[in-house]
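Chains as they are written, first to last, in the numbering used here: chain F, 1 to 169; chain Y, 1 to 222; chain V, 1 to 407.
Keep in mind that a hint or two might mislead.
The calculated lysine to any residue pairs, modelled on SDA-like cross-linking and capped at a C-alpha distance of 20 Å, are [said to hold, decoys possible]:
1) F:Lys128 to V:Met97
2) F:Lys128 to V:Phe365
3) V:Lys68 to Y:Asn35
4) Y:Lys27 to V:Phe333
5) Y:Lys205 to Y:Gln217
6) F:Lys21 to V:Ala108
7) F:Lys21 to F:Pro98
8) V:Lys170 to F:His26
9) V:Lys107 to F:Ser8
10) V:Lys170 to F:Pro24
11) F:Lys21 to V:Gly168
12) V:Lys170 to V:Val104
13) V:Lys68 to Y:Tyr51
14) V:Lys170 to F:Ile72
15) Y:Lys34 to V:Ile323
16) V:Lys212 to V:Ile362
17) V:Lys68 to Y:Asp44
18) Y:Lys170 to Y:Glu144
19) Y:Lys27 to V:Arg335
20) Y:Lys34 to V:Phe333
21) Y:Lys163 to Y:Val179
22) F:Lys21 to F:Thr73
23) V:Lys68 to Y:Val31
24) Y:Lys27 to V:Trp328
25) V:Lys107 to F:Lys128
26) F:Lys128 to V:Gly202
27) F:Lys128 to V:Leu144
28) V:Lys107 to F:Arg23
29) Y:Lys163 to Y:Asp44
30) V:Lys212 to V:Arg368
31) V:Lys68 to Y:Gly33
32) Y:Lys27 to V:Arg368
Derived from the structure by calculation, the hints contain no laboratory data.
Quick caveat: nothing in here was measured; it's all calculated off a predicted structure.
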Amino acid sequence: MIPLLILSPLILLAALGAVWKARPVHAALLLALALALNAVLYLVIGADFIGLVQFMVYVGAVAVLIVFSLLITRPGDEAEEISRRPRSLLPGLVCTVPVLAVLICSISRVTTPSAGEAPAFSVEQLGKALFTTHAPAVVTVGVLLTAVMIGAALFARDPGKKPQTPSDP
Amino acid sequence: MSMEDQTSIKRLPPLSQWSLPGLGLLKGLVVTGKNMVQSFYREDRMTTVQYPEERAPISPNFRNFPFLVYDNDDSLAGLRCVACSICEKECPPQCIYIVLERDENGKSLKRPKIFDIDVSVCMNCGICAEVCPFDAIYMDGEYELSTDNRFEGLLFHRERLAKSAAYHAKLRPEQAAEVEARRKAEEEKKLAAQAAKEAKAKADKEAKDKAAAETEQKGESA
Amino acid sequence: MSLLATTPFLPMKLEFLPRLPQMLVEVIFHRLGAPEWLVSIAGFIVAASTVVGVFMGGFALLSLVERKTLARIQNRIGPNRAGWFGILQPVADGIKMLTKEDIVPAKAEWLLHLAAPILIVIPSILALGVIPYGREWTPVPLELGLLFFFSVGALTELSVFMAGWASGSKFPMLGAMRAISQMVSYELPLIISALGVVMVSGTLSLPVIVDKQAGFHLGFIPAWNLFTPWGLVAGLVFYIAAIAEANRCPFDLPEGESEIVAGHMTEYSGFKYALFFMGEYLGLFAISGLGITLFLGGWQAPLPGLGFVPSWIWFFAKLAVVIMSFLWIRGTFPRVRIDQLMRFAWLCLIPMALLTLPAAAIWHFAGRGLLGWVTTVPLLLIPWVIITVIYNRRLSPSTRIYRFADS
Numbered sequence: 001m002i003p004l005l006i007l008s009p010l011i012l013l014a015a016l017g018a019v020w021k022a023r024p025v026h027a028a029l030l031l032a033l034a035l036a037l038n039a040v041l042y043l044v045i046g047a048d049f050i051g052l053v054q055f056m057v058y059v060g061a062v063a064v065l066i067v068f069s070l071l072i073t074r075p076g077d078e079a080e081e082i083s084r085r086p087r088s089l090l091p092g093l094v095c096t097v098p099v100l101a102v103l104i105c106s107i108s109r110v111t112t113p114s115a116g117e118a119p120a121f122s123v124e125q126l127g128k129a130l131f132t133t134h135a136p137a138v139v140t141v142g143v144l145l146t147a148v149m150i151g152a153a154l155f156a157r158d159p160g161k162k163p164q165t166p167s168d169p
Numbered sequence: 001m002s003m004e005d006q007t008s009i010k011r012l013p014p015l016s017q018w019s020l021p022g023l024g025l026l027k028g029l030v031v032t033g034k035n036m037v038q039s040f041y042r043e044d045r046m047t048t049v050q051y052p053e054e055r056a057p058i059s060p061n062f063r064n065f066p067f068l069v070y071d072n073d074d075s076l077a078g079l080r081c082v083a084c085s086i087c088e089k090e091c092p093p094q095c096i097y098i099v100l101e102r103d104e105n106g107k108s109l110k111r112p113k114i115f116d117i118d119v120s121v122c123m124n125c126g127i128c129a130e131v132c133p134f135d136a137i138y139m140d141g142e143y144e145l146s147t148d149n150r151f152e153g154l155l156f157h158r159e160r161l162a163k164s165a166a167y168h169a170k171l172r173p174e175q176a177a178e179v180e181a182r183r184k185a186e187e188e189k190k191l192a193a194q195a196a197k198e199a200k201a202k203a204d205k206e207a208k209d210k211a212a213a214e215t216e217q218k219g220e221s222a
Numbered sequence: 001m002s003l004l005a006t007t008p009f010l011p012m013k014l015e016f017l018p019r020l021p022q023m024l025v026e027v028i029f030h031r032l033g034a035p036e037w038l039v040s041i042a043g044f045i046v047a048a049s050t051v052v053g054v055f056m057g058g059f060a061l062l063s064l065v066e067r068k069t070l071a072r073i074q075n076r077i078g079p080n081r082a083g084w085f086g087i088l089q090p091v092a093d094g095i096k097m098l099t100k101e102d103i104v105p106a107k108a109e110w111l112l113h114l115a116a117p118i119l120i121v122i123p124s125i126l127a128l129g130v131i132p133y134g135r136e137w138t139p140v141p142l143e144l145g146l147l148f149f150f151s152v153g154a155l156t157e158l159s160v161f162m163a164g165w166a167s168g169s170k171f172p173m174l175g176a177m178r179a180i181s182q183m184v185s186y187e188l189p190l191i192i193s194a195l196g197v198v199m200v201s202g203t204l205s206l207p208v209i210v211d212k213q214a215g216f217h218l219g220f221i222p223a224w225n226l227f228t229p230w231g232l233v234a235g236l237v238f239y240i241a242a243i244a245e246a247n248r249c250p251f252d253l254p255e256g257e258s259e260i261v262a263g264h265m266t267e268y269s270g271f272k273y274a275l276f277f278m279g280e281y282l283g284l285f286a287i288s289g290l291g292i293t294l295f296l297g298g299w300q301a302p303l304p305g306l307g308f309v310p311s312w313i314w315f316f317a318k319l320a321v322v323i324m325s326f327l328w329i330r331g332t333f334p335r336v337r338i339d340q341l342m343r344f345a346w347l348c349l350i351p352m353a354l355l356t357l358p359a360a361a362i363w364h365f366a367g368r369g370l371l372g373w374v375t376t377v378p379l380l381l382i383p384w385v386i387i388t389v390i391y392n393r394r395l396s397p398s399t400r401i402y403r404f405a406d407s
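With the rest of the complex left out, here is chain F (with noise of 0.2 Å):
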């Protein structure tokens, strides 16, 4: 309980400066630390491969990417702010109260298990898991991922140029 209770403000506190920096950068490391953070209450609540997994995808590849794509498409980012003022507050209330409303009714739908054993599993188990009943998604988010892959090289490919041929002196 306590974990919780010391790293939950930390957490909020970093997503909503994620969410209200007005430097992207500044924004995109405290998104990572947000993120940082969660992994390490998977850790402190016993579920070490989510933990890790969560800390090498999101902080080491999802934050990378944010951070990268900064880099390179806004480099005199030190003049750059995001205006903090909202243009119009409604749009904003149409997409989040509904999000909000949906997430506070699954969580409060939760049912804790009786105190007793934490259900321990092992590497092996969720690997086995993951290829046999699961498979279809798998074998499905691989599909999603290749052709994204293979949309991104397409995209970022330069138009092949004809090499010249020397005009006869």
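Chains Y and V: place on chain F using the hints.
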């Protein structure tokens, strides 16, 4: 010139140019490995001169600042310099200052009372050495001249500048040998001319005496 | 402790030398009547301090050995003024780094500027904790040790970005961009080549992976993962990717002095710069240690009769050999360009690393013996030949045509 003449990117290189990928890398590794191992016992693979304890030999063509030559171990009386001031006039940045020594009557003693070179101004051109008619000033090769006094330490006086002809011979053997030979030849020529003049004077005197003796004899007999 | 007392042969007693500090502290605390949790905490602190202390000493020694080895390769003597054969040179370097003025540019974000070197050293030290240095001596024997290693490696990339961006000037930004793209590209072959080992050993735990490489084929060839067909390729890919991950020559574009000053470390001076170097060298130790654990059998002895030598000596001997090979490579090869670097990672290393996975599976199911070799060697060799032929073809220049020169 058509495209087919050149080995374009689209075609494979000829079989003779195929090589195992990575072989070049391994050859490079062997070269540096050999260098590393052999640097412990072979002279030509360890060319470092550890400066304050060892010094690299300087070439006889190296010139730095000038020095004054003296003969015969006497650093004052043997100075070849006669304070003619030709080097002072020819020096492009005018770094030489000469004062001729005169005795109490004002007659020149043919040696410099003051001979100062400001090495912070000297540009090592060697013109002073080229124009000196008395072989008195040549370029030195000393390079460890650091001092902690910017003005006094870089103004060289006559005592500092005077170095022996033996030092010149050690520094630039060829040049010193040529200078020595030339001076000796001139000396001998001078001596020979002197001896010839004396002989001629003696012969003239004898002739004159004889003529005088003959006229006396003739006068007596008349 | 009883195990120590009952081991007869003195060299075998030396086996326990690395655990001596921890054992001593635990004994002392027990004698003082401290509660159990305090004893274990004290034991952990001492074990962690031992690891960090040993590797800090190794870092100091390595900085000197590197300079002297590079010097010998380059026909000169390395540092030899600071002590007998320059042995006090790292001390002199440390004093210099500590007493230098710490300059933070005015346009820099001082918090991120300060945090970046710290966050670069932390993953390296964390990663050093899961490597098995000797028989039953892993500082933190996690069941998910390999995953932990790669997860903390992910923090390094973010810290490099922080270092580059927080400095607020062009060279660090460029350097950080190049460094991140290099690290991300080479992390893939690193992890994929390690996956083959995980498949064959069936576990993510590093001490167990070392245990599975015990034994000898034909009586004298050790059963290390390097001496298998897929292990050879995966080991080579891991080696190259490790050099790139550690930003060492020939992949040291992020810190190439003649190109972008010092890349993301340009605006750092004094102790922060020393922290960057510490992070780089400790990361080198960590990744070499991982490579040795995965492919070279960790602390196993290379020949059957040499089992009496303490296991940690074998580990550090192998570490010394691997690090000397890194130094040799640094002194030999020129730096690769950023596009050559990327092309090499994506077009050569990743396909080869991916191929080791089915190769490992086929080798395992073909019985791990001669049949395994016969079936997997073509699977690995033919694509390699194809890749290198294509690679070389794209890179070989076409014959020049001189329009105005006489033939």
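These are the hints, each one checked on the structure:
For the hint pairing Lys128 (chain F) with Met97 (chain V), the CA-to-CA distance comes to about 52 Å; that exceeds 20 Å, so the pair is violated. In summary, the hint linking Lys128 (chain F) to Phe365 (chain V) is supported, as the alpha carbons are separated by about 18 Å, within the 20 Å threshold. The straight-line distance between the Cα atoms of Lys68 (chain V) and Asn35 (chain Y) is roughly 13 Å, inside the 20 Å bound, and the hint therefore holds. Among the hinted pairs, Lys27 (chain Y) with Phe333 (chain V) is consistent with the structure: their alpha-carbon atoms are about 11 Å apart, no more than 20 Å.
With a C-alpha separation of about 18 Å, the suggested pair Lys205 (chain Y) and Gln217 (chain Y) falls inside the 20 Å cut-off, and the hint holds. This hinted pair checks out: Lys21 (chain F) and Ala108 (chain V) have alpha carbons roughly 18 Å apart, not beyond 20 Å. A C-alpha spacing of about 24 Å is found between Lys21 (chain F) and Pro98 (chain F), which places the hinted pair above 20 Å, so the restraint is violated. Taken as a hint, the Lys170 (chain V) and His26 (chain F) pair is honoured in the structure, with Cα atoms around 18 Å apart against an allowance of 20 Å.
Taking the CA atoms of Lys107 (chain V) and Ser8 (chain F), the gap is near 33 Å; set against the 20 Å cutoff, the hint is violated. Straight-line distance between C-alpha atoms of Lys170 (chain V) and Pro24 (chain F) comes to about 18 Å, which keeps the hinted pair within the 20 Å bound. Taking the CA atoms of Lys21 (chain F) and Gly168 (chain V), the gap is about 18 Å. The hint holds against a cut of 20 Å. For a cut-off of 20 Å, the pair hint linking Lys170 (chain V) to Val104 (chain V) stands: about 15 Å separates their Cα positions.
Of the supplied pair hints, the one linking Lys68 (chain V) and Tyr51 (chain Y) holds, its CA atoms being roughly 18 Å apart against a limit of 20 Å. Straight-line distance between C-alpha atoms of Lys170 (chain V) and Ile72 (chain F) comes to about 12 Å, which keeps the hinted pair within the 20 Å bound. Annotation: proposed proximity of Lys34 (chain Y) to Ile323 (chain V) holds, straight-line Cα distance about 18 Å (limit 20 Å). The suggested pairing of Lys212 (chain V) with Ile362 (chain V) holds, with an alpha-carbon distance near 18 Å, which does not exceed 20 Å.
With a CA separation close to 18 Å, the supplied pair Lys68 (chain V) and Asp44 (chain Y) stays within the 20 Å bound. For a cut-off of 20 Å, the pair hint linking Lys170 (chain Y) to Glu144 (chain Y) stands: about 18 Å separates their Cα positions. Taking the CA atoms of Lys27 (chain Y) and Arg335 (chain V), the gap is about 17 Å. The hint holds against a cut of 20 Å. In summary, the hint linking Lys34 (chain Y) to Phe333 (chain V) is supported, as the alpha carbons are separated by about 15 Å, within the 20 Å threshold.
For the hint pairing Lys163 (chain Y) with Val179 (chain Y), the CA-to-CA distance comes to about 15 Å; that is within 20 Å, so the pair holds. Taking the CA atoms of Lys21 (chain F) and Thr73 (chain F), the gap is near 19 Å; set against the 20 Å cutoff, the hint holds. Between Lys68 (chain V) and Val31 (chain Y) the CA atoms are separated by roughly 17 Å; this keeps the pair inside 20 Å, and the hint holds. With a C-alpha separation of about 13 Å, the suggested pair Lys27 (chain Y) and Trp328 (chain V) falls inside the 20 Å cut-off, and the hint holds.
For the suggested pair Lys107 (chain V) and Lys128 (chain F), the alpha carbons sit about 53 Å apart, so the restraint of at most 20 Å is broken. Restraint check for Lys128 (chain F) and Gly202 (chain V): satisfied, since their Cα atoms lie roughly 12 Å apart, inside the 20 Å limit. Distance restraint check for Lys128 (chain F) and Leu144 (chain V): the Cα-Cα separation of roughly 17 Å lies within the 20 Å cut-off, and the hinted pair is therefore satisfied. With a C-alpha separation of about 15 Å, the suggested pairing of Lys107 (chain V) with Arg23 (chain F) holds against the 20 Å cut-off.
Annotation: proposed proximity of Lys163 (chain Y) to Asp44 (chain Y) is violated, straight-line Cα distance about 36 Å (limit 20 Å). As the CA atoms of Lys212 (chain V) and Arg368 (chain V) are separated by approximately 13 Å, the hinted pair is consistent with the 20 Å bound. For the proposed pair Lys68 (chain V) and Gly33 (chain Y), the alpha carbon gap of about 14 Å is at most 20 Å, so the pair holds. Using a Cα cut-off of 20 Å, the hinted pair Lys27 (chain Y) and Arg368 (chain V) is violated, with the two alpha carbons roughly 34 Å apart.
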